Amino acid sequence: EPEVTQTPSHQVTQMGQEVILRCVPISNHLYFYWYRQILGQKVEFLVSFYNNEISEKSEIFDDRFSVERPDGSNFTLKIRSTKLEDSAMYFCASSETGGGYGYTFGSGTRLTVV
Amino acid sequence: DAKTTQPPSMDCAEGRAANLPCNHSTISGNEYVYWYRQIHSQGPQYIIHGLKNNETNEMASLIITEDRKSSTLILPHATLRDTAVYYCIVRVAGVGGSQGNLIFGKGTKLSVKP
Numbered sequence: 001e002p003e004v005t006q007t008p009s010h011q012v013t014q015m016g017q018e019v020i021l022r023c024v025p026i027s028n029h030l031y032f033y034w035y036r037q038i039l040g041q042k043v044e045f046l047v048s049f050y051n052n053e054i055s056e057k058s059e060i061f062d063d064r065f066s067v068e069r070p071d072g073s074n075f076t077l078k079i080r081s082t083k084l085e086d087s088a089m090y091f092c093a094s095s096e097t098g099g100g101y102g103y104t105f106g107s108g109t110r111l112t113v114v
Numbered sequence: 001d002a003k004t005t006q007p008p009s010m011d012c013a014e015g016r017a018a019n020l021p022c023n024h025s026t027i028s029g030n031e032y033v034y035w036y037r038q039i040h041s042q043g044p045q046y047i048i049h050g051l052k053n054n055e056t057n058e059m060a061s062l063i064i065t066e067d068r069k070s071s072t073l074i075l076p077h078a079t080l081r082d083t084a085v086y087y088c089i090v091r092v093a094g095v096g097g098s099q100g101n102l103i104f105g106k107g108t109k110l111s112v113k114p
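Chains A and B, in that order, are what the protein sequence lines are. If you're matching positions, the first sequence starts at 1 in our numbering and goes up one per residue. If you're matching positions, the second sequence starts at 1 in our numbering and goes up one per residue.
To be clear, the hints were calculated from the coordinates, so they are not data collected in a lab. Just so you know, these numbers come straight off a predicted model, no measurement behind them. For every residue, glycine included, the Cβ atom is placed at its ideal position computed from N, Cα and C. Mixed in with the good hints there might be a few duds.
Stretch-level coverage of chain B by chain A, calculated; a stretch enters the list once three of its residues show a Cβ under 8 Å from a Cβ in chain A [claimed, not checked]:
id : region
1  : 41–55
2  : 68–82
3  : 101–109
Please take these sequences and the hints and turn them into a complete structure.
Put into structure tokens, the structure is as follows:
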């Protein structure tokens, strides 16, 4: 069964540094997403991406965050000037239609900002 | 998007049917009901969705009341691997990234016991 692959599985960074979280969505999917989950809390939407541009973003996705699809397979989330409160599990997801069903999520990257 | 209400936790005996309820009394006519689950700290997993008719797939059945104000997810023969947090999400099934925001609540923590 096709999978969404995320790397690294765990990233530790110092406060103020930049991090890039990487994702390889399912090859025939056209819609891409980032969500995050702070330990013990809800899964929160960050951003959706379609046709090489951001479709929607949440209040969490401030100007320190950016996404990119640098080639035909990777989808990245960059966080600049990281803060302690950015520590969370970050999930990448992709879907074929963007209609709310059939999203496939990756297993996540645990980001720890120290 | 309409809000949903789910019990915080439920238990189910292994091999028995697990019936997970969801209330969505303010659902609009063009909003679908989606179910996802999250096993431990993994990424959420899509289960099933529906508009007004009952739906069944290899994972589960979805029963939506005639007035569409509530629904029940049924796992016909629960196993220990079905222990997870189950999320009921209601949103418009718009196609395209602009409608890609799945709003996760706290869900129901289902514990399947031997």
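Against the structure, the hints:
For the region 41–55 of chain B, the assignment as covered by chain A holds, since 7 residues bring a beta-carbon within under 8 Å of that chain's beta-carbons and 3 suffice. Note: the region 68–82 of chain B has 0 residues with beta-carbon separation from chain A under 8 Å; the three-residue rule is not met and the coverage is violated. With 6 residues bearing a CB less than 8 Å from a CB of chain A, the region 101–109 of chain B meets the requirement of three and the coverage assertion stands.
In this structure, the one hint that does not hold is number 2.
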